[in-house]
Every structure is written in C-alpha cells, then in structure tokens.
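Taking the hints into account, I'd like the entire structure generated from these sequences.
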Amino acid sequence: MKILGIMSGSFLDGIDLALCEFEKEKSGIKSKILKADTIKYSDEW
Numbered sequence: 004m005k006i007l008g009i010m011s012g013s014f015l016d017g018i019d020l021a022l023c024e025f026e027k028e029k030s031g032i033k034s035k036i037l038k039a040d041t042i043k044y045s046d047e048w
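My numbering puts the first residue of the sequence shown at 4, with every later residue one more than the last.
These are calculated hints, taken from the structure and not from any lab test.
Computed from a predicted model, the values in this text were never measured in an experiment.
Be aware that one or more of the hints could be misleading.
Distance ranges between label pairs, derived from CB positions [said to hold, decoys possible]:
hint, residue 1, residue 2, range
1, 30, 10, 26 to 32 Å
2, 26, 47, 39 to 45 Å
3, 46, 6, 27 to 33 Å
Here are the simulated DSS-like pairs of lysine-lysine, each with C-alpha atoms no more than 27 Å apart in a straight line [as the list claims (entries may be wrong)]:
hint, residue 1, residue 2
4, 5, 38
5, 27, 38
6, 27, 5
7, 33, 5
8, 29, 5
9, 5, 43
10, 5, 35
Cβ atoms here follow ideal geometry from the backbone N, Cα and C, with glycine treated the same way.
Right, here's the structure in full:
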C-alpha cells in the first residue's frame with residue numbers, strides 16, 4: 004500500500020510531502036520512504 008502524507012509545519016513556510024510504501028509481513032509492518040520533499044510557499048503567500 005502506498006500513502007502520500009501531506010502537512011504544513013508550525014512555521015507555515017511550506018508544504019511537506021512524503022510518499023511511503025507499507026507492506027504486511029509475518030514479523031510486522033515493513034515501511035519505506037519512496038520520496039520526500041518540501042515545497043516552499045511564495046513570499047506573497
């Protein structure tokens with residue numbers, strides 16, 4: 004299962020994105036960050 008997490012931090016300087024993949028295994032849940040980035044807000048915002 005792939006999940007895209009999106010949040011704006013407390014400083015409100017941009018949006019943080021993380022694309023993660025989760026797999027169920029016998030020993031638990033395996034997770035992996037596929038891509039992560041921050042998109043800065045413009046100065047006008």
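Cross-check of the supplied hints:
{"no.": "1", "hint": "30 to 10: 26 to 32 Å", "verdict": "29 Å, holds"}
{"no.": "2", "hint": "26 to 47: 39 to 45 Å", "verdict": "42 Å, holds"}
{"no.": "3", "hint": "46 to 6: 27 to 33 Å", "verdict": "31 Å, holds"}
{"no.": "4", "hint": "5 to 38", "verdict": "11 Å, holds"}
{"no.": "5", "hint": "27 to 38", "verdict": "20 Å, holds"}
{"no.": "6", "hint": "27 to 5", "verdict": "12 Å, holds"}
{"no.": "7", "hint": "33 to 5", "verdict": "12 Å, holds"}
{"no.": "8", "hint": "29 to 5", "verdict": "19 Å, holds"}
{"no.": "9", "hint": "5 to 43", "verdict": "24 Å, holds"}
{"no.": "10", "hint": "5 to 35", "verdict": "10 Å, holds"}
Against the hints set out earlier in the document, no violation occurs for any number.
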